[in-house]
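Chains as they are written, first to last, in my numbering: chain A, 63 to 615; chain B, 636 to 716.
Keep in mind that the hints were calculated from the coordinates and are not lab data. Values in this document were obtained by computation on a predicted structure and should not be read as measured data. Watch out, some of these pointers could steer you wrong.
[Said to hold, decoys possible] Here's a subset of chain B near chain A, in silico, CB distances under 7 Å, partners left out: (1) 679; (2) 683; (3) 684; (4) 691; (5) 707.
[Said to hold, decoys possible] Far from chain A by the CB rule (all over 12 Å, computed), these chain B residues: (6) 654; (7) 685; (8) 704; (9) 708.
Positions of the beta carbon are idealized from the N, C-alpha and C atoms, including for glycine.
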Amino acid sequence: MTSYSYTEYAMTLAPELSGATPGIYPVVIVGAGPIGLSAAIDLALHGVPSVVLDENNVVSVGSRAICWAKRSLEIFDRLGVAQRMLDKGVIWKVGRVYHRDREIHAFDLLPEEGHRFPAFVNLQQYYVEQYLIERCWEFPDLIDLRFLNQVTAVLPKPGAVTVRVDTPDGDYTCSAHYVLACDGARSTVRSLLGLGMLGETFEDRFLIADIEMTADFPSERRFWFEPSFHPGQSALLHKQPENIYRIDLQLGANADPERETMPEAVVPRIEKVVQGRPFALDWVSVYSFQCRRLERFLHGRVLFVGDSAHVVSPFGARGGNGGIHDVDNLCWKLAAVLQGSAGPALLESYNDERIHGADENILQSARTTRFMSPHAGAERLFRDETLALARDLPFARGLMNPGRLSTPCSLAGFPLQTPAETAVPARMAPGQPCLDAPVTGADGRPGWLLAHLGGTFRLLAVNQPAPSLPGLPVVTVGAGSDGAGSALGDPAAWVEQRYGDGLFLIRPDQHVAAHWPAHGPPASPAIVAAAWRRALGFMASKAAALVETWEYV
Amino acid sequence: MTAQCTEPAAEQALVTDDRLGSEADTVYAALVAAHEGLSAHDGQRLNVRLVLLLANHIGSAAVIHEALVLARTGLEGEQRR
Ligand SMILES: Cc1cc2nc3c(=O)[nH]c(=O)nc-3n(C[C@H](O)[C@H](O)[C@H](O)COP(=O)(O)OP(=O)(O)OC[C@H]3O[C@@H](n4cnc5c(N)ncnc54)[C@H](O)[C@@H]3O)c2cc1C
Chain A
63 MTSYSYTEYA MTLAPELSGA TPGIYPVVIV GAGPIGLSAA IDLALHGVPS
113 VVLDENNVVS VGSRAICWAK RSLEIFDRLG VAQRMLDKGV IWKVGRVYHR
163 DREIHAFDLL PEEGHRFPAF VNLQQYYVEQ YLIERCWEFP DLIDLRFLNQ
213 VTAVLPKPGA VTVRVDTPDG DYTCSAHYVL ACDGARSTVR SLLGLGMLGE
263 TFEDRFLIAD IEMTADFPSE RRFWFEPSFH PGQSALLHKQ PENIYRIDLQ
313 LGANADPERE TMPEAVVPRI EKVVQGRPFA LDWVSVYSFQ CRRLERFLHG
363 RVLFVGDSAH VVSPFGARGG NGGIHDVDNL CWKLAAVLQG SAGPALLESY
413 NDERIHGADE NILQSARTTR FMSPHAGAER LFRDETLALA RDLPFARGLM
463 NPGRLSTPCS LAGFPLQTPA ETAVPARMAP GQPCLDAPVT GADGRPGWLL
513 AHLGGTFRLL AVNQPAPSLP GLPVVTVGAG SDGAGSALGD PAAWVEQRYG
563 DGLFLIRPDQ HVAAHWPAHG PPASPAIVAA AWRRALGFMA SKAAALVETW
613 EYV
Chain B
636 MTAQCTEPAA EQALVTDDRL GSEADTVYAA LVAAHEGLSA HDGQRLNVRL
686 VLLLANHIGS AAVIHEALVL ARTGLEGEQR R
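Can you build the whole structure from these sequences, using the hints too?
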C-alpha cells in the first residue's frame, strides 16, 4: 500500500433516502476521479449546481497519473488548486533519452521564460484528487459530493436522464437534465448504454512501480531504450514528491502479470535500475495499454468526459491531462446551455472539438507505444535502425519516439472560431489556447495574464482601444486604454511579443475565438458581436440538426 | 518535438525524371556493392538505414508519401492492419 494515508470520506444520507423529492437536478456527475471533481468545480464556478456520485470513498488507490502538464496546471489554476500542486509537486521540464547506457538526446519542454507554470509538475494522482475534493467543499451550496453511491442504471428519457444509485443505506433514483459520465476507463455508464470503444489495444505488458528511495536523481524525465539494467526493453524513470520514484519497465507480451507483481520478481528488477540503493516498494502493478475512444462523446443528455470517453497509453501523459482539457472545453458550454445563453447546439461543439483533441492524444500515444513495441519484421527493423543511427546522427534523434508529452490542441477550423481575415501569428491564431505572460495589475502589482482571462468571454485588447459591448468584459494590456487607468502593464513586453497588437475574443476556456490584428481591418462592435454569437454556437447549423434527434438516443 | 519536417524542401513533388544522368550506372553499382558480403538480414538493415538517411535528406513528408505510394504499387500483400 502506498505511503499516502487515505482518508475514508464520510457518506451522507442522500436526500432521496430520507423522503425528499429534490426534482430534476441540472447535472449529475458519475465518478469523483480527477475529471468528475474538476467538472463539479468548473460548473460551480459558473454557478451551476451538481450532484457527484462515486462508488468509492477514497481517492485514487495506487500509482496512476503523476505528470501534470502546463496547460492542465493553467486550468487547475482557474479551478483553484494549481498553487497547492505547485507547492507539493516536483517541477521539471527536461527529458533525457538513453540508448543502451549512453545519453543520446535531451529535450527541454519549456525553453522560454515568462510563464507562470512550468512544463510539468509531477504529483501523485491521490494528492490531486484530495486537493480537488477539498476545493469542492468550498462550494457547499453548489456541489453535493456523495461517496459510496454507485450508479447501476441509466435511463435516458425526453428532457432528463434518470439514474439508479446503490448505497449502503439503500437504493434510490434521481434525475438530471444532463449526466456527465466521468466514471473512468471501465465506465459503467458506457456499458449500460451499450457503447463500444474504437481503436488499438497493445499486447505488451508494463511493470509500473512507485518506490521510496533516497537518491539525488535529477528532477527530469529519463527514458531508456534497451538499457543494460533491463536488456532489450524500455524503461522510464520519474521523480515524485516525498522521495517517491516512478519506474515503468516494459515486460513484453508474454509476461505473466500475476508473477510479475510478486516481490520476488519485482525487487530484483528494481535493484538493477537503482543500482544497489536501498528502496522500499510503495506500489506495484502490471498494465497493458489501449488507445481507444468512443465514436461520439455526446449521447443525448449523457456526456462522456475523461477516461470514459477515451483512453491512451501513459507515455505522453495524455490521459488525465486530456481529460482536464475536456472539462475545460465542456463546462462553460454546459453552463451556458443550462442558463439559457446558448442553445443545446453548443454542446455538439464539445463533441467535435474534444474528439479532435482525443484523436491527437491517441495518435501521439499510439505512435510512442508502437515505437517501444514494434511488430516483428519491417517495423522492428525501422525502430532498431533508427536507434542505431540516433547514437551518432542528430536527425535520427527526432525520429526516435520516447514519448510526445501532453500539449493542448488547437481548435482551429471548428465552427465556433471565426477565421482570421488577415494573417496572424500561428501561436495566436483562432483556436489556439492563450499563452501566459507576466503583467502588472492596475495597482502596479505583478501578476499573470491568464489570471485575467477565462471563466467568461473576454475581449483582450493589446496596445489598442477596444469596442464596448454590453456583457463582454474588456481586458486591456499596454497602451491604448481610454485613460481610465485600468489597463494591465506589459513590463517586459511579453504580451506584445506573444500576442502582437490587436484585439482578441477569448473563450471562457482561454482559447482564442477570434483575432483582429492591429494591422488588419478594425473590428466594429457588430463584427465582435457576430464572432461572440458564433462562439456561442448560434451559427452551427449542423449541430442544430442533430439536436432534434437528441431526445431519442 | 514531433518528427515533423521543419524546412520544406525546394521541390514538393517527387521527381521521377532521370536525375542521375551519366552517374546512373555508378550509383546503381554502388547500391548493389554496398550489400556485398552482408547476410540477407544485414542487407535489410542497410536498406532501412539508407531509407531513413535519404528520407531525412528529402525533408518533405509529401514527397516521401508520394514515393511510398509509387513503391508499393503492384505489391499486394496481406490486408493492412
Ligand atoms: C500507470 C498509469 C500512469 C498514468 N500516468 C498519467 C500521467 O502521468 N498523466 C496523466 O495525465 N494521466 C496519466 N494516467 C491516466 C490517468 O490516470 C487517467 O486518465 C485519469 O485517472 C482519468 O480520470 P477520470 O476521472 O476520467 O477516471 P478515474 O480516475 O478512473 O475515475 C473514475 C471514478 O469513477 C468512479 N466510478 C466508476 N464507476 C462508477 C459507478 N458505476 N458509480 C459511481 N462511481 C463510479 C470511480 O470510483 C472513480 O473514482 C495514467 C494512468 C495509468 C494507469
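Going down the list of hints, with the structure as the test:
1. For residue 679(B), the interface hint holds, the least distance from its beta-carbon to any beta-carbon of chain A being 6 Å, beneath 7 Å.
2. The interface hint given for residue 683(B) holds, since its Cβ lies 4 Å from the closest Cβ of chain A, which is under the 7 Å cut-off.
3. Because the beta carbon of residue 684(B) sits about 5 Å from the nearest beta carbon in chain A, less than 7 Å, this interface hint is met.
4. Using the Cβ-Cβ criterion of 7 Å, the hint placing residue 691(B) at the interface with chain A is satisfied: the shortest such distance is roughly 4 Å.
5. The interface hint given for residue 707(B) is broken, as the beta carbon of that residue sits about 12 Å from the closest beta carbon of chain A, more than 7 Å.
6. Annotated as non-interface, residue 654(B) keeps its C-beta farther than 12 Å from every C-beta of chain A; the closest such distance is 22 Å.
7. Against the 12 Å criterion, residue 685(B) falls within the reach of chain A, whose nearest CB is about 9 Å from its own CB.
8. Listed as a non-interface residue, residue 704(B) keeps its Cβ farther than 12 Å from every Cβ of chain A; the least gap is roughly 17 Å.
9. Even its closest Cβ contact with chain A, about 17 Å, leaves residue 708(B) beyond 12 Å, as expected for a residue assigned away from the interface.
In summary, the structure is inconsistent with hints 5 and 7 from the numbered list given earlier, while agreeing with the others.
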